[in-house]
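Visitor: Chains as they are written, first to last, in our numbering: chain X, 1 to 177; chain L, 1 to 156.
Keep in mind that the hints were calculated from the coordinates and are not lab data. Keep in mind that a hint or two might mislead.
As the list claims (entries may be wrong) - Just so you have them, the derived chain L footprint on chain X, three or more residues with Cβ under 8 Å:
no.	region
1	17-30
2	36-47
3	67-77
4	127-134
5	163-169
As the list claims (entries may be wrong) - To give an idea of the interface, some chain X residues facing chain L are shown, with a C-beta separation under 8 Å as derived from the structure:
no.	residue
6	R84
7	F85
8	V116
9	L117
10	R118
11	A122
As the list claims (entries may be wrong) - Away from chain X, derived, C-beta distances all over 12 Å, residues of chain L:
no.	residue
12	A13
13	G21
14	W22
15	R25
16	A36
17	G53
18	W61
19	L64
20	R85
21	G91
22	C96
23	V128
24	P142
From the three backbone atoms N, C-alpha and C, an ideal C-beta is built for every residue, glycine too.
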Amino acid sequence: MRIDQEKMDEPAKFRDLVEAYGPQAMALAVNILGNCQDAEDVCQEAFLQVFRRLDRYDPARSFKTWLFTIVSRRAFDVMKKKRRFYRFVDRATLEPRETFVAGADPDPARPLPEAVLRGLTARERTALCLWANEGYNAQEIAEVLRCRATTVRVYLFNARKKIRSLMENDHGVLQTD
Amino acid sequence: MASCRRIEFLYRAIALRLWRGWLVRRHIERCPVCQARLASREEVRRLLARPEGYRDVSGLWARLEHELARPSVKTETGFHPARPRWQFALGLLAFCAAIGISFWLLRDVRSAGPRIPGASERFTLEYVRVGGAPAQAYVYQPSGSKMVFVWAEKSM
Numbered sequence: 001m002r003i004d005q006e007k008m009d010e011p012a013k014f015r016d017l018v019e020a021y022g023p024q025a026m027a028l029a030v031n032i033l034g035n036c037q038d039a040e041d042v043c044q045e046a047f048l049q050v051f052r053r054l055d056r057y058d059p060a061r062s063f064k065t066w067l068f069t070i071v072s073r074r075a076f077d078v079m080k081k082k083r084r085f086y087r088f089v090d091r092a093t094l095e096p097r098e099t100f101v102a103g104a105d106p107d108p109a110r111p112l113p114e115a116v117l118r119g120l121t122a123r124e125r126t127a128l129c130l131w132a133n134e135g136y137n138a139q140e141i142a143e144v145l146r147c148r149a150t151t152v153r154v155y156l157f158n159a160r161k162k163i164r165s166l167m168e169n170d171h172g173v174l175q176t177d
Numbered sequence: 001m002a003s004c005r006r007i008e009f010l011y012r013a014i015a016l017r018l019w020r021g022w023l024v025r026r027h028i029e030r031c032p033v034c035q036a037r038l039a040s041r042e043e044v045r046r047l048l049a050r051p052e053g054y055r056d057v058s059g060l061w062a063r064l065e066h067e068l069a070r071p072s073v074k075t076e077t078g079f080h081p082a083r084p085r086w087q088f089a090l091g092l093l094a095f096c097a098a099i100g101i102s103f104w105l106l107r108d109v110r111s112a113g114p115r116i117p118g119a120s121e122r123f124t125l126e127y128v129r130v131g132g133a134p135a136q137a138y139v140y141q142p143s144g145s146k147m148v149f150v151w152a153e154k155s156m
């Protein structure tokens, strides 16, 4: 999709943008945060930021990568705030999740199983999501996470290894209530 | 296989990201044995939330539309995208100018004393007599003032 900065002032054009990139942005946010409500808030903020700062977008760069950078940063901010809150309240309330049934194709909108959410860091989950869902390579993920490709390789390796280990020792760890 | 174990040991032993990244790039990404120990893209995809599950963005769009319809939303959120960069540049310039001027003013006051030679250096009293008798003479100039006091004291 071609992003024309001058024509983007019209809400109709903006809607096209949301329809084109909304699902990917939502999936990324859900994979980072682990719940749909926060993910929707993050996406809303991210798209508003995109709409208002479209003049800062460099057409030489990929629009999707730029959007993912904004989404991931917003999601990290939300996580930071929540962590502070949970530390204060000392309890975590997460959305109830569906059960992962091995072999069956799970619901694509289902948030991450608890074990994956807890076992992987937010940056590992971001790298993993971009690698698995978007087919990004280490360099592209590094652009989103604003780090080195070497670091992304380590994130991906660690995350994939942890998931493999969870799958091998799966005595219900990948099943969620 | 033995080299894979060695690589794994080295990966665990040295917890440096650069080193680990290098090992991943040089060996793990190319080695089928090591790759088999990692979750594949398809396996990962099955665990993750996927874009297909969020095709319906009407809810998100409704929220966005509501936000965009609010005229004061930009100022309420404290975000000023319309503000051009030159305004920030101008502000920064004014700030730097204020700092520079203050520094210059302070420096001037501080350096006024040491830069101007003391009164005793600029005035020389060869010989002073008070009431026909030789007298002790002192020259005094208050700092920052152009006034010079000459004090003569009759020697006892």
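Visitor: Decide, hint by hint, whether the structure agrees.
Guide: Verification of the supplied hints:
no. : hint    : in the structure
1   : 17-30   : holds (count 8)
2   : 36-47   : holds (count 4)
3   : 67-77   : violated (count 0)
4   : 127-134 : holds (count 5)
5   : 163-169 : holds (count 3)
6   : R84     : violated, 20 Å
7   : F85     : violated, 21 Å
8   : V116    : holds, 6 Å
9   : L117    : violated, 10 Å
10  : R118    : violated, 13 Å
11  : A122    : violated, 14 Å
12  : A13     : holds, 15 Å
13  : G21     : violated, 3 Å
14  : W22     : violated, 7 Å
15  : R25     : violated, 6 Å
16  : A36     : violated, 9 Å
17  : G53     : violated, 3 Å
18  : W61     : violated, 5 Å
19  : L64     : violated, 6 Å
20  : R85     : violated, 10 Å
21  : G91     : holds, 19 Å
22  : C96     : holds, 24 Å
23  : V128    : holds, 78 Å
24  : P142    : holds, 59 Å
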